[in-house]
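Colleague: Here is what each chain is made of, one letter per residue.
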Amino acid sequence: MARPAAPPAPGPPRSAPPGAVALHPPRFAPLRPPRGRPALPGPPRPERCRGRARQRAPGVARDRRGGAAGGTRERPAGDGTGGAGPRAGPGTAGGGRDRRGGAAGGTRERPARTGVTSPRPAEEPRVRGHVGPPGRQGALRIRTGGMAEREGGNPEGAAPVPAGPQAPELSREEKLQLRKEKKQQKKKKRSEKGPSTESAELCAPPEAGQPRAAAQPTSPPAPADGPGDSEKPAGGKSKAELRAERRAKQEAERAQKQARKAELSQAATTAKPRQSPTEPQSMVKRLPEHVQVDDPAAQRKLAKKLERQQVPLRQDYGTKVNLFSHLHQYSRKKPLTQQMSIPSTVIHPAVVRLGLQYSQGIINGSNARCIALLEVFKQLIRDYSTPPNEELSRDLVAKLKPHISFLNQCRPLSASMGNAIKFLKKEISCLPDTLREDEAKEKLQDVIDKYLREKIVLAAEAISRSAFEKINDHDVILVYGCSSLVNRTLCDAHAKKGRAFRVIVVDSRPRLEGRETLRRLVRRGIHCTYVMINAISYVLPEVSKVLLGAHALLANGSVMSRVGTSQIALVSKAYNVPVLVCCETYKFCERVQTDSFVSNELDDPDDLIVLRKGQAQLGGWAENKSLRLLNLVYDVTPPDLVDLVITDLGMIPCTSVPVVLRVKNVDQ
Amino acid sequence: MEFQAVLMAAGGGSRMTDLTSSIPKPLLPVGNRPLLWYPLNLLERAGFEEVIVITRKEIQKMLNLDTKMKLDFVCISDNMDMGTADSLRHIHQKIKTDVLVLSCDLITDVDLYKVVDLFRTHDASLSMLMKKTHEPTEGVPGQKGKKKPVEQRDFIGVDDTGKRLLFMANEADLDEELVIKRSILQKHPRMHIRTGLMDAHLYCLKKYVVDFLVENRTITSLRSELIPHLVRKQFSSPASLQQGLDNKEEDQKKKEQASLDIYSFIKEDNSLLKPAPDNSCWNDHRGDMNETLHEGKVRCYVHIMKEGLCYRVNTLGLYIEANRQVPKLLLNLGLEESLVHGSAQITDRGMIGSDSIIGSSTQIGEKTSIKHSIIGSMCTIKDKVKITNCIIMNSVTIEEGCCLQGSVICHNAVIEKGADIKDCLIGSDQRLESKAKHVNEVIVGTEQLMEI
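If you read the sequences in order, they're chains A and B.
Numbering-wise, the first sequence is residues 1 to 668 according to our numbering.
Numbering-wise, the second sequence is residues 1001 to 1452 according to our numbering.
Derived pair list, reagent style BS3-like, types lysine-lysine, alpha-carbon separation capped at 30 Å: (1) A:K399 - B:K1094; (2) A:K333 - B:K1187; (3) A:K333 - A:K304; (4) B:K1306 - A:K333; (5) B:K1114 - A:K378; (6) A:K334 - A:K378; (7) B:K1371 - B:K1417; (8) A:K497 - A:K573; (9) B:K1207 - A:K399; (10) B:K1306 - A:K613; (11) A:K664 - A:K401; (12) A:K334 - B:K1068; (13) B:K1207 - A:K378; (14) B:K1096 - A:K399; (15) B:K1181 - A:K613; (16) B:K1163 - B:K1132; (17) B:K1068 - A:K304; (18) A:K378 - B:K1094; (19) B:K1306 - A:K625; (20) B:K1386 - B:K1417; (21) B:K1096 - A:K401; (22) A:K334 - B:K1328; (23) A:K333 - B:K1132; (24) A:K334 - B:K1114; (25) A:K399 - B:K1114; (26) A:K333 - A:K613; (27) A:K334 - B:K1306; (28) A:K443 - A:K401; (29) B:K1132 - A:K613; (30) B:K1371 - B:K1435; (31) A:K334 - A:K399; (32) B:K1114 - B:K1094; (33) B:K1070 - A:K399; (34) A:K450 - A:K497.
Simulated restraints on C-beta separations: (35) A:K422 - B:N1332: 43 to 49 Å; (36) B:D1078 - A:L608: 58 to 64 Å; (37) A:I609 - B:S1354: 38 to 44 Å; (38) B:D1111 - A:A622: 17 to 23 Å; (39) B:T1220 - A:R382: 34 to 40 Å; (40) A:K401 - B:S1354: 47 to 53 Å.
What the hints contain is simulated information worked out from the structure, not anything from laboratory work.
Note that the structure is a prediction, hence the values are computed from the model and not measured.
Note that CB positions come from ideal geometry on N, CA and C, so glycine has one too.
Same shape as in the complex, but just chain A:
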């Protein structure tokens, strides 16, 4: 196959393949934050924790900078889980905590952080350091442990550790207590010193910001810095900062001593750490319930909430693979409607129908799901009438809630849907009171239409236009699964621009969505080859570009997409084939995720059963105690495997996601 910029046959990866280089120029152009290169492979993490920062000499400079920025930013998520005292172990432990915070932050509304110049890129490298197996292990442990202190107690973070806790139970609790005591000490001290310096930019409680407060007690708060902050030479620390470090260290030591003392007196009296509302834990954003199915307390809470909303609770189905016991697993054969009255009274019929279509996989794909959702919500709003003595803006949001819960149980909401719902709720609550009901409804319909048009339809068009630049004649483009956006892009490039290229459609079981891609492309007359994913290394040498769709783009630059995407990106990297991801900006998500374990979706395991000549080999899997089926839906591709993201804003590196998110936040 003749193709320009063909990398030489699968050999050792070249440092700069011409094809890849050609792709890169826009990488840093459009939305690059005005600072150094945050996406260096494996840089030290910007530490919030001075203890750790000091242990890592080469990273000091960067740490300081990142710490300054990160401190103002990340506190609500990470530090609340236990802060980072001198006792916190280096490596995975901290990373794990960060991750946890990040995952939890997915649903969090970011506080309005004006003036923070480059929020996410600064933390991105930190997270990225843990993409490998150790990071996963750490993440996993955090989740199963539920609390970060387990990690804190684990001294060797980098080595893959078995999921079980290493420290004995009691000591963990002790540690937790210790940490709490310490934090309170800090809080007192700081408030004595002068809370005014911090309070300006803080949305989080002061106690959560211990390390940052220690790091910059004298320096002006970050907002004042503006962009210049990140431009600071990364060389040496300022005296003030050094001083701050010293002080923080002393404080930490003092606090530790006192905490030990206090603990001795209290030792073993309280089996459980108490949780008074004043303590920082209350400010920690909860993990969403759909990633803690194995936690009975969270499930009870969910059941209660659903009962209040008069939505039935869908039962989990079958046994789950251990690693994923925290996720829901439903059976298609047992729909939620089983437990509902047939003329559905609470849930709007259109929503019932939509929920069934989601759970049966008829409406499938991030875009399709979002469009269908908004269309149904439009109908819902049309059929809605405000009860007397209620305000539309309040009552409608309340009315939407059970419907959203219902849909969430039919199938966990996609990131696109989450963003759309967030948007809609905001629009509803921002409706001026002066509007009459029909006007308000009219306005909401318009707003939804506008969202659909701008964020999805026009965005797809914009992406298709810019992606066209990347598609040359004689290209061999590899696509995976079925992405409506990628399909459209290819069809446009073929039909409107007349590019002559070839497509290799990679498919995977059990959904075999690639066949739909194949059908759509072949119908348009595009030359296609169809292979299964296990043949990918065979076809990659002739591929010139890999074009992938995305379920969501996460704040650390990771790409969440159909399971298998990560594998394709990895193999493509090995063959030095540039990986391009197409994704509309409305799918950008503030969550941070480095692995596919914590937040994912399990599909019906029965889908994996193959019928051969009327016989199902795996038919009785549920009865077999030593057999479990895993039908994973998504995976996370680390940002260093993705060369370029094509969005409606242009082509950006995936590390620029936070910038886009921030710009979006400011716009709104």
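Put chain B on the given structure of chain A with help from the hints.
Modeller: Structure of chain B alone, referenced to chain A:
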């Protein structure tokens, strides 16, 4: 409101005139409850709160049901011969949404959501319930030998998933061969043709189907005309479809011309993937280049019950069979009433089989054994009577020493001492002489026969 339920209870029971000559079909006792109770109970269990019942005046008068649902009776006059489709047309003003139509003779423990979910999920025009016909285990009274009247078979074509209804034909409409249109096979190269399925006469219909029915007055029956029409229409392509959606106005004109076409009643939003035609990666078929669902707008689905009870009480044989199965069904429903009514006076409890139902105020004498039988209320059964596999309705008197087997005995019949009856149907108000011996007979009053 998502669904309205319509219960068709005006049928005469033309296939079991021996029974229905004296008792209207909806009131036939099955397990000591009127037949009508069963579909109503099915709806109530599913969560319906209102039901439109189409029935006749005299039936409504005689009916007393304890149900929490609001029953909206619509009476049609006796002398009008109205089919099911006519009935539905008759009440079309009351119909505001999609409807669930069912017949009064359906006894089933199906999970109704399965049928309704097919309808919802695929945004179908029609979804229906079917069940494998079961062979009656025992003979039917008054029927000589094994020869059954051969019912006209239905040929049902379903797709690979067994859910999409592709083809439907009755033997009566066929000549020598089964003709399958090419348009079906083009879209569904694999079709499973099944026979031996019984239509439970439970249909979910879209509102527009009712609208279509209102306009199209030639259709009189749902089962034999409307449903096959819908099934056929899945594969006929109306002019409007081929033109695409761009020129809607032109469509509109065409629609007006062919106003009797079902397509003209389908609103635009019917398309299953309308909001996201190009975005969902789902497709219902493989192996060709066609769009999802072949852009068909009429879609019919069927839920075929694999297990569970499902009877249509429309013949004497099925009536007897249903009565036999009902104790099981009632147990499954978890009704708290025991099978033997509290006010029944029974001398020898031990002689009553566990699967027998005995109604209120019935007196049963000494040494009387009752097995696999259903006894109505206010009956008097004297001593030393043997009753096996029988259905005995209300206020029947059976005197000493009788032996009854596999028989149906209607209201107010009197059977005098020492009668021996096997596989018989005894009509209402009949009086059998003492020591009478009957095997495989239908004994109904002549005056009733005259009526017919």
